[in-house]
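Taken in order, these protein sequences are the chains called A and B.
Quick note on numbering: my numbering labels position 261 of the first sequence as 1364, and the sequence is numbered without any gaps.
Quick note on numbering: my numbering labels position 1 of the second sequence as 1104, and the sequence is numbered without any gaps.
Keep in mind that the hints were calculated from the coordinates and are not lab data.
Please note that the accuracy of each hint is not assured.
A pair holds if it fits inside one copy or across any two, identical chains being indistinguishable in the list.
Stated by the list, open to error - The calculated DSBU-like cross-link candidates involving lysine-lysine, where the alpha carbons are at most 35 Å apart (straight line), are: (1) 1342 - 1151; (2) 1151 - 1246; (3) 1246 - 1153; (4) 1246 - 1140.
Protein chains: 2
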Amino acid sequence: MERPQPRPVFFVSDGTGITAETLGNSVLTQFEGTFSKTRRPFIDTVEKAKTVVAEIRFQAQRTVEPVVFLTIMSRDIRSVFNDCPGIVLDLVEASLGTLEDRLGQQASRSLGKAHGIADSDIYRNRMAAVEFALEHDDGQSIKALGLADVILVGPSRVGKTPTGMYLAINYGIRAANYPLLDEDLASQQLPESLRPLSDKLFGLISSPRYLHQIRQERRPNSPYSSLEQCTFELGAATKLFESERIAFIDTTTKSIEEISTIILTTLGLNNSPEYIGASP
Amino acid sequence: MERPQPRPVFFVSDGTGITAETLGNSVLTQFEGTFSKTRRPFIDTVEKAKTVVAEIRFQAQRTVEPVVFLTIMSRDIRSVFNDCPGIVLDLVEASLGTLEDRLGQQASRSLGKAHGIADSDIYRNRMAAVEFALEHDDGQSIKALGLADVILVGPSRVGKTPTGMYLAINYGIRAANYPLLDEDLASQQLPESLRPLSDKLFGLISSPRYLHQIRQERRPNSPYSSLEQCTFELGAATKLFESERIAFIDTTTKSIEEISTIILTTLGLNNSPEYIGASP
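In isolation and in its complexed conformation, chain A is listed as follows (with noise of 0.2 Å):
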């Protein structure tokens, strides 16, 4: 018997994808089959967009029917995709023409606006971000700790140093992480630099069996990795943050961006003004 062939899967879009992308992945992991995938950025000419679509047509032709995920603000570039064999999803349009309607006004179509994020002021912001991240790391520096929007405190091997990261580059997040240390859990007090900005703690934990897996990899049957050490250390993180009333979460079954997301919200940080969006 012989196995199906992959389905071909083209995300085109007139700025970077991602969107196109990210939507469309979630949106084919409800669906049996497998995929696939080619992402296709920066199609805004109709010119680009004449010669996607003959790539697209050529993949039709040889295998089974493609599905195309479009982000493309343009009406004159869209409209070469009228001519595009397959499952066309436009995941913009409708909600262009739904807005036009409803506000009275004409979407501008234009393509430089999705990409203000590349306004040097808010650039410069992610790369300090970036950089105080960098700087306050595994509690490295406490220099500028006050001017941190979060630390991120925990047993080592949670998920620190990942999560400050994706604050810092995808949100602008000012992140510092700090280790909580067998004394600091020991004595359940919070390590002393930390005392005077406990509302900017974040606590992250995981299930003792997960971290336990994850320190074998690096330190295989060491104390440090052992499941008992690990199941003390956060046990007693655990007890630390409930009495300095500290949210956290257990990132044993998240992603990052799952973990990040609740971070936001938790701490009011959601609809800051250094928020910025990906471009599409």
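Go by the hints and put chain B onto chain A.
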């Protein structure tokens, strides 16, 4: 004369709402007016949906008609928004419906599926990529440079670090970065440790005036920041990239997302199995 009230905008999702917000924001940039934005993530029960609809109704009564962007997979939860006041823009339903018809399958409409990235192998891969990027930032370590997926090169302050962090955290790409120093630029030779790795190199430059501005903020009126020095470094870096046939881009007017997309596409990392989409 009174200033017009900002229009309330809600991004409502059964996941993080990141996609709803990103796509919604790029649609809104096409229209005039000011908007007051709220993200409501993890709306994964009918009860939570009713609470959000009540909040939107409250806003609708106090001010102008709200705009509501939805990314919700479940039909039951989605249907709560049939009673929602405002301009409700569903970003997934049309795609799901069309795919159901054309593929002859029912969408699973299950929430969990969109969160495949919480899968621990992929999560660990991202953690490892962030660690790699931290260890290989700014030429700090060359010990595992051969394991890099990409090595960003260029003068100081052209955006190597934030771009590398973005690639690591969002795509699980092992991105190192390495500065080009005056001696490399004057001799028109790559640093020795990079020579065997030229297929992994990607160059970043910016305009002299922009680099000058950025460096001025860091070390005002220093030789390092002078327009003359910036012009020399960028000119020499461009010449070196051209003679070594290293792909490079000017980052001056580009967002980190755009820079990263160009790098992924140019180096063919786009369809790598390491690629990870964000959750909606």
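Hint check results:
1. Taking the shortest alpha-carbon separations for residue 1342 and residue 1151, only the inter-copy value of 29 Å comes in at or below 35 Å, while the best intra-copy value is 58 Å.
2. Proximity of residue 1151 and residue 1246 under a CA criterion of 35 Å is satisfied in neither setting, with 50 Å inside one chain copy and 42 Å between copies.
3. Taking the shortest Cα distances, residue 1246 and residue 1153 never come within 35 Å of each other, neither inside one copy (55 Å) nor across copies (45 Å).
4. Taking the shortest alpha-carbon separations for residue 1246 and residue 1140, only the inter-copy value of 34 Å comes in at or below 35 Å, while the best intra-copy value is 46 Å.
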